[in-house]
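Given chain A's structure and the hints, the job is docking chain B onto it.
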Amino acid sequence: MAEFFVAKSSDFQDGDRRIVTAGQREIGVIYKGGHYYAYSNTCLHQGGPACEGLLINNVVEVLNPDRTYVHHAFGDKVHFVCPWHGWEYDLETGECVGDRKQKLRRFEVVKRGDDVYVVA
Amino acid sequence: MDMPRNEVRPVEFGTFSTPKHLEHASEQARRRNYQDFLIVDVDSHHYENESYAEVFEYIESPVMRRDAIESAGRSTGFLNTQVGGQSLSGRIIRNKARRLEKPRAAKHRDIGMTLDWMDAMGVDYACLFPTPMLFLSAHPVPEVEAAMAQAYNRWLCERILAHEPRIVSMLYLPFNDPDAAYRTVQEFGGRRGVVGFMVTSPRYKSVHDNAFMRTYAAIEEMGKVLSFHAAYNWDDRALAMCNRFIAAHALGFMWFNMVHMTNWVVNGLPERFPKLKVMWIESGLTWAYSLMQRLDHSFLMRTSDCPSLKRKPSEYMREMYYSTQPMEMPDDKSLMEATFKQIKADTQLLWSSDYPHWDFDLPSTIYDLPFLDEKAKRNILGGTAAKLFNLDPRPVKRIP
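For the protein sequence lines, the chains are A and B, in the order given.
Quick note: to get my numbering, add 30 to the position in the first sequence (first position is 1).
Quick note: to get my numbering, add 1034 to the position in the second sequence (first position is 1).
Keep in mind that a hint or two might mislead.
Quick look at which bits of chain A chain B covers, simulated, 3 or more residues with Cβ under 8 Å [to be verified]:
| hint | segment |
| --- | --- |
| 1 | 41 to 53 |
| 2 | 80 to 86 |
| 3 | 110 to 119 |
No wet-lab data here; the hints were simulated from the structure.
From the three backbone atoms N, C-alpha and C, an ideal C-beta is built for every residue, glycine too.
One chain only, chain A, in its complex shape (with noise of 0.2 Å):
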């Protein structure tokens, strides 16, 4: 294992993103909520970029306690989107969140000093 240099964490703002080249690997390193995720940015559809697209709140259905239909309301789980084709997957856990059982490859971020670096 190797860490490979990101950024300088001042130069993050929330939701920005970096895409490390490590090795042979794409990482992308996400940073919301004042935490780092990094998940490998092969999407496991069709390859595509997974890390590069939209971070979009959940939707959920809100029903009645008699489970009638209310409406569809974001809740406050964060996606991150493929901008392929939208497969979109659980920021905190990297699962798809339409098949939990597939889950990208996660990696450790750690910090030195003012200095981000990915693990891989």
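Below, chain B alone, put in the same frame as chain A:
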């Protein structure tokens, strides 16, 4: 010792470049050596509405031409449209971002845009279809469909196909006006890059109507392809029960082709036009497998309903052609293998991307299938299409 490569780039949304957007596709193309063999995309698209200012000038009727030009830029007017969010509320970024694109230099922006994605994916030839005009079949005024079809076909032939040999098309047939459909075949059948004619499927004209027989005969005689390109019509009585785009799209793209295929077969059109090459586009694959079994089962009890048939419906269906996209990907690949076997994929299946639409497929959807040998892969990816369209089988693409 070499240090591992460490490069960092930001993700930017203020610019858009197709070669960058599809860089992972190019990587797939390089790794799989696509440069060594022919890849033909039998179903791809452009956004002809971005060129309506040019297309409208080709409308023959001065009255309709004025109506079209005057309504340009308004949300309602000369042409119909459909509700539906192809871009997934902006999750598919290329739909909007394409406006920022600066394609390679070419005779027309559409040519540059098309060649950019073709090379990025590893495609040698692409059969180009319109996008909003897929819904023109539902226009309430048949003469508007006929006028727009003629204008678009002339524009496409003169501005696109005449200048780029790697782009071909099956031209729009104004099927709601059988006479206009016949005239379309007569006028354009010999034009450069015209490899066939395309019927957009969401419509209510029956394919077995006698009014179409001379059109089929003309296409058969020319040796061109007649294709049925699926789409949805959310206003259809059955689909109007659906409240989500996913439902209207998933059902609509199968439904109309299932109806047309059923009528095509039970009315014995394969017996009447035995040399006519018929292709079914963008319904995926499982519908044909299912329909073959359904029709065979009923046919054996009701042969008197379709006396022209000398064989089971499935046997005729296995002689037709199918495009791959949107290819179903079951977890159990043996189901997929059975589907391929049922439609004789080695000789009857043709790869299609549907790019740049939201559910496009890459060549790797075929190339990576474990149950296909190299010959079958190459047939599906381009060999069969080259024969069908009379294309030079030598690869011409330049993968970045």
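Broken hints, numbered, in rising order?
Every hint satisfied by this model.
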